[in-house]
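Number of protein chains: 2
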Amino acid sequence: MNGAESLVRTLLASDVNVCFANPGTSEMHFVAALDHVPGVRCVLGLFEGVVTGAADGYWRMAGKPAATLLHLGPGLANGVANLHNARKASSGIVNVIGEHATHHLQYDAPLTADIAGIARPVSHWIGTAKTATEAAKLGAEAVAAARTGAGQIASLILPADTAWTDADGPAAAIAPPARKKADDAAIQAAAQALKAAGANGMLMLGGVGLLRRGLELAARIAAATGCRLSNSGYSARMERGGGLPQVGRIPFVVDQALAYLKDVRELVLVGGRTPVAFFAYPGKPSLLLPQGCNTTAVASIDDDVIDALERLADAVGAPKSVAPAAQPPLPALPDGTPTPDKVAAAIAALLPEQAIVVDESVTSGRGIFAAAAASAPHDWLNNMGGSIGFSFPVAVGCALACPDRKVVALTGDGSAFYTLQALWTMAREKLDITMVVFANRSYAILRNELANVGAANPGPRAIDMLTLDRPDPDWVALAKGHGVGGRRVDDMGDFAKAFRAALAEPGPQLIELVL
Amino acid sequence: MNGAESLVRTLLASDVNVCFANPGTSEMHFVAALDHVPGVRCVLGLFEGVVTGAADGYWRMAGKPAATLLHLGPGLANGVANLHNARKASSGIVNVIGEHATHHLQYDAPLTADIAGIARPVSHWIGTAKTATEAAKLGAEAVAAARTGAGQIASLILPADTAWTDADGPAAAIAPPARKKADDAAIQAAAQALKAAGANGMLMLGGVGLLRRGLELAARIAAATGCRLSNSGYSARMERGGGLPQVGRIPFVVDQALAYLKDVRELVLVGGRTPVAFFAYPGKPSLLLPQGCNTTAVASIDDDVIDALERLADAVGAPKSVAPAAQPPLPALPDGTPTPDKVAAAIAALLPEQAIVVDESVTSGRGIFAAAAASAPHDWLNNMGGSIGFSFPVAVGCALACPDRKVVALTGDGSAFYTLQALWTMAREKLDITMVVFANRSYAILRNELANVGAANPGPRAIDMLTLDRPDPDWVALAKGHGVGGRRVDDMGDFAKAFRAALAEPGPQLIELVL
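Top to bottom, those sequences are chains A and B. Here my numbering runs 1 ahead of the position in the first sequence, where the first position is 1. Here my numbering runs 1 ahead of the position in the second sequence, where the first position is 1.
Don't read these hints as lab results, they were simulated from the structure. Don't take each hint at face value.
A pair holds if it fits inside one copy or across any two, identical chains being indistinguishable in the list.
Taking lysine to aspartate or glutamate and the EDC-like style, the derived pairs with C-alpha atoms no more than 16 Å apart in a straight line are [to be verified]:
#, residue 1, residue 2
1, Lys263, Asp184
2, Lys431, Asp473
3, Lys138, Asp167
4, Lys343, Asp495
5, Lys431, Asp465
6, Lys285, Asp185
7, Lys65, Glu430
8, Lys431, Glu506
9, Lys138, Asp405
10, Lys196, Asp405
11, Lys431, Asp470
12, Lys182, Asp491
13, Lys498, Asp184
14, Lys65, Asp16
15, Lys65, Asp303
Here chain A stands alone, though its shape is the one from the complex (with noise of 0.2 Å):
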């Protein structure tokens, strides 16, 4: 057994069954490994950026890592952005990355390149086979790596011969390190603050305290302490819908974000962050809180968040259950010229039960996530890292996890461009995934940001920066050359019907809704 079938092994031991792959040849030893043991599907990706992103996407649903397989320096540059947006959302992935054979690097062949640093920035392990033999136990503490706190990148380096040249077997799973426990002397004291602070208290939540076991008891605290709940503007993944409590979140707009905050005095921390603003703007504070307000870190989201809330919830004395709130009447159809409003009713009013939302609906969906609330229960997956070029892949990863449910990816048509290749691995393998273009055709968000830095009345070379039309874009074109059916609609009533068919059939839908 060489190197790379040690490692391929050591993956399955230690449950990784899921590879996203755009190999080379340095990879093909690893390919091979792959095709003759028997338990990884393997999933191809036109484009690095599709690899990094699905492996998100898949641990955000499937809560295990998926591996990667990336073709040197480049191949792993090319997957950056998105182990960026994994890495902010904590999400754990295994990369294998090929490297030229240990007796090759010192050539400086074409390829050649530093891949520890270009792995370094996004990722929290890294290690580099030095022989066949160490191949399968850096796996599994890649493995293990990957699924310590709430996630983290890890990085393995695997030079050619390593994978060529015999080795021992494979190794045998490693535990990841148990989750820290909150202090109770933190959980005394966000306990008395909430209580005290009421409608002016705030639990800040993160990780696995947005999904239904969180959300319970969050809403047990804020029953009896009076708190409201939020997140720290976005979130990995959120389940909601069908009468779950609800959470706010941050709005993007500093403005906007100072008023949502400004009357809470005590924050507590389980598993969110200190609110901060997205960008810094001259003039705008970066901090958001107001001042006085006084904060609590009880858990962060690498800590056993659960266990925080239970003990908090015991703290403050909650009640044992407290009644599913009302949940907001579905929003009627709407018709006629699109508005964000529109738009926002019209997905919220057909979100099917279960539905995976990917958003990366920047500026024309921002209202979605809110009039959402009224739906079916759905979970709701956030892009963490502020990096564009998300939803596509990420949907990818979620239906390969979830192949029941169905993937709804919203994204703006600035954002989608960047990984469109994602589509050819959503046609070749059948996902279920309906997908919403906003086509406003431009960086729209950026038309307010420039005036936001104080840059009004932009001539005509800025705006062609922040424009995609000269040409429009046809996404149905882009979706057919991939091999997805799509759409084209202006009209509200026709994309009602549009996002109706989508959904009702099986396999990857494009509709392109022109703002």
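Got chain A; can you put chain B on it based on the hints?
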């Protein structure tokens, strides 16, 4: 004048007047400055790999650096693969990378990343503006760094507050250091070696040694010594056709490369490098020179290559001029089912005068280079870094550098997918680019490579990692989606018609040749 404007005016003062851009919020002041300072042509790319590849192509044909404008760490990361290629090609590029305002960095906002860490593996020079007044000075240094040696990658990190705060004004251009001259002893040693070796001598050229003046000098040296002329396998830019002296190239396949080099007893490096295998393979050598071959290094690509060739020509007593080589006859236009030889013949026969060929035809087009020796005068550009997704972006930069010349981009379908968003920039800027996509619907090179590494008889899981069928990409639809016209052909007669028609039309045209 704020820091952003002082930097834009500094770039202009240093003769940088093209900016390939994909900006975000943190770059809005720079965009505003580009807007109201006349003289910089801004070209938007919908993905950063397009932006950096275009800057590479621009350098190769314009001989001066363009700027890129990239959005924080992830935006830079998306451009790293083509920066890797540019670095290996010794292309000069000035990256301007936006960063959060300095006071905002401590809060670890979603887009916060280690930008310098991401830049390091692909940059010769990295600078971060600490204050607005520093931006101009660093800008001038960055341009000088980009112009150093054969060309370098300079990465300037511009925190948003250093862009928006008042600054002093632009900085004057800084002259790059003069290129090093070759040692006399090396010249003399090389002259003796080549004279002694006769037909067993090889002059390995690179950099400007592959442009007209260098080739003419090399031909005179060959006439005097009988040596062969070669490059190291690929060239960033080579002038050829129309009777220019021909230069061989080392084949990609190791056994073929060993055969090509087997008679070389004296190797002289003037701008070229010692030949090494692209990849390592079990049981095959990395170094391709035959045992006992002696190497004399006269000038590296960063040294004064033309001066070294002039002095070497004198030292070998070369004739003052040599008659132009007999140009091979143009091949006849083939008909029928495409084969690599027919493809090579057709493209060579139809290549227009002064074409700029950007070659990423990894497997299907390996014969085109040799055949095109018979073509009208043209430039030939290769991928020096091996990271695919190179040709479309580089073609963008070439077309902007040489608006009066026809750019011909030759690419496999697998490679083209990586950065297909370049098509949109071609459409917007009406760039005169004819693309040929060799649609073999596979990573054909990897089928060979799987066998080369000893993994014969692959099963379905391996085959799936090497094929782009299921579904077949539709390149005509992909072109249309980006606003570019396209045709699909699967017969050589139709190909010739389509290629001729595309060359006759202004603006971008794509031909999908199904193999």
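Q.
Could you work out which of the previously given hints the structure breaks and list their numbers from low to high?
A. 1, 6, 7, 9, 10, 12, 13
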